[in-house]
Amino acid sequence: QKEVEQDPGPLSVPEGAIVSLNCTYSNSAFQYFMWYRQYSRKGPELLMYTYSSGNKEDGRFTAQVDKSSKYISLFIRDSQPSDSATYLCAMSATGSARQLTFGSGTQLTVLP
Amino acid sequence: DTAVSQTPKYLVTQMGNDKSIKCEQNLGHDTMYWYKQDSKKFLKIMFSYNNKELIINETVPNRFSPKSPDKAHLNLHINSLELGDSAVYFCASSQDRGDSTFGSGTRLTVV
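Protein sequence lines correspond, in order, to chains A and B.
All the letters of the first sequence, read from the start, carry residue numbers 1 to 112 under our numbering.
All the letters of the second sequence, read from the start, carry residue numbers 1 to 111 under our numbering.
Errors might be hidden in some of the hints.
Mimicking SDA-like on lysine to any residue, the simulated pairs with C-alpha atoms at most 20 Å apart in a straight line are [stated by the list, open to error]: (1) A:K2 x A:A93; (2) A:K2 x B:D18; (3) B:K44 x A:P112; (4) B:K44 x A:E3; (5) B:K9 x B:N51; (6) B:K44 x B:P66; (7) B:K9 x A:R41; (8) B:K36 x A:E15; (9) B:K44 x A:L46; (10) A:K42 x B:S86; (11) B:K22 x A:T86; (12) B:K44 x A:A29; (13) B:K40 x B:S80; (14) B:K41 x A:G9; (15) B:K19 x B:T7; (16) A:K42 x B:N50; (17) B:K40 x A:A93; (18) A:K42 x B:R107; (19) B:K41 x A:R37; (20) A:K2 x B:K19.
In case anyone wonders, no lab produced these hints; they're calculated from the structure.
Predicted model only: the values in this text are computed from it and were never measured.
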């Protein structure tokens, strides 16, 4: 079993839809939770960052972390064609080695 | 102005060759990483350096050797390239927060 499991997709939605992306994890040491967006042939770029449990909102994006259930989500409201990308959840633990453990990514297409 | 830059962007080479990928970050971060992204887009840590010291060395063939001349640079040298080494290699850096900033990747194709 992988440390981080992500809904595989691909996901195709009409413009304006609400998108929900999810990951589960097994390692209780994870304290930092992130969502990265990766456009084709580009590097991952940080979209949302959350420390420990809770919600965080940034414009049309909301990230939720439930450490008791080991479950994280990303919601995209009023989705736009420019949101079409691969979304990667990522997590890291405290300590000097802050390497990220990634989910397998969900490819999202928002249709105009 | 680029935060994490890696060169080259594309590398096509024959089996058995030796090649290097270079990475530089101007963010003042203490920790740098190499990740490998396979054809299914799965990103996996290979190495991590903190202030020029190797702190993570995942199960990676000995043909891969990272080198950090200073905390702003982390290079990756690959000996005797194999077909299975074809992938996109990402350099990244981080500081005190748990997130990382990624470069734009080096697409390696071994033929």
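How the hints compare with the structure:
Under the criterion of a C-alpha separation no larger than 20 Å, the hint pairing K2 (chain A) with A93 (chain A) is consistent with the structure, at around 16 Å. Between K2 (chain A) and D18 (chain B), the direct Cα distance comes to roughly 32 Å. Violation of the 20 Å bound is thereby established for this hinted pair. The straight-line distance between the Cα atoms of K44 (chain B) and P112 (chain A) is roughly 33 Å, outside the 20 Å bound, and the hint therefore fails. Among the hinted pairs, K44 (chain B) with E3 (chain A) is consistent with the structure: their alpha-carbon atoms are about 12 Å apart, no more than 20 Å.
Restraint check for K9 (chain B) and N51 (chain B): the C-alpha separation of about 25 Å exceeds 20 Å, so the hint is violated. Using a Cα cut-off of 20 Å, the hinted pair K44 (chain B) and P66 (chain B) holds, with the two alpha carbons roughly 16 Å apart. For the proposed pair K9 (chain B) and R41 (chain A), the alpha carbon gap of about 10 Å is at most 20 Å, so the pair holds. The suggested pairing of K36 (chain B) with E15 (chain A) is violated, with an alpha-carbon distance near 33 Å, which exceeds 20 Å.
At most 20 Å may separate the alpha-carbon atoms for a hinted pair to count; K44 (chain B) and L46 (chain A) meet this at roughly 17 Å. This hinted pair checks out: K42 (chain A) and S86 (chain B) have alpha carbons roughly 17 Å apart, not beyond 20 Å. For the hint pairing K22 (chain B) with T86 (chain A), the CA-to-CA distance comes to about 26 Å; that exceeds 20 Å, so the pair is violated. Between the alpha carbons of K44 (chain B) and A29 (chain A) the distance comes to roughly 18 Å, so the proposed pair stays at or under 20 Å and holds.
Between K40 (chain B) and S80 (chain B) the CA atoms are separated by roughly 24 Å; this puts the pair beyond 20 Å, and the hint is violated. Restraint check for K41 (chain B) and G9 (chain A): the C-alpha separation of about 13 Å stays at or below 20 Å, so the hint holds. Of the supplied pair hints, the one linking K19 (chain B) and T7 (chain B) holds, its CA atoms being roughly 12 Å apart against a limit of 20 Å. Taken as a hint, the K42 (chain A) and N50 (chain B) pair is broken in the structure, with Cα atoms around 25 Å apart against an allowance of 20 Å.
The straight-line distance between the Cα atoms of K40 (chain B) and A93 (chain A) is roughly 25 Å, outside the 20 Å bound, and the hint therefore fails. Simply put, K42 (chain A) and R107 (chain B) have alpha-carbon atoms about 10 Å apart, close enough for the 20 Å limit, and the pair holds. With a CA separation close to 12 Å, the supplied pair K41 (chain B) and R37 (chain A) stays within the 20 Å bound. A C-alpha spacing of about 31 Å is found between K2 (chain A) and K19 (chain B), which places the hinted pair above 20 Å, so the restraint is violated.
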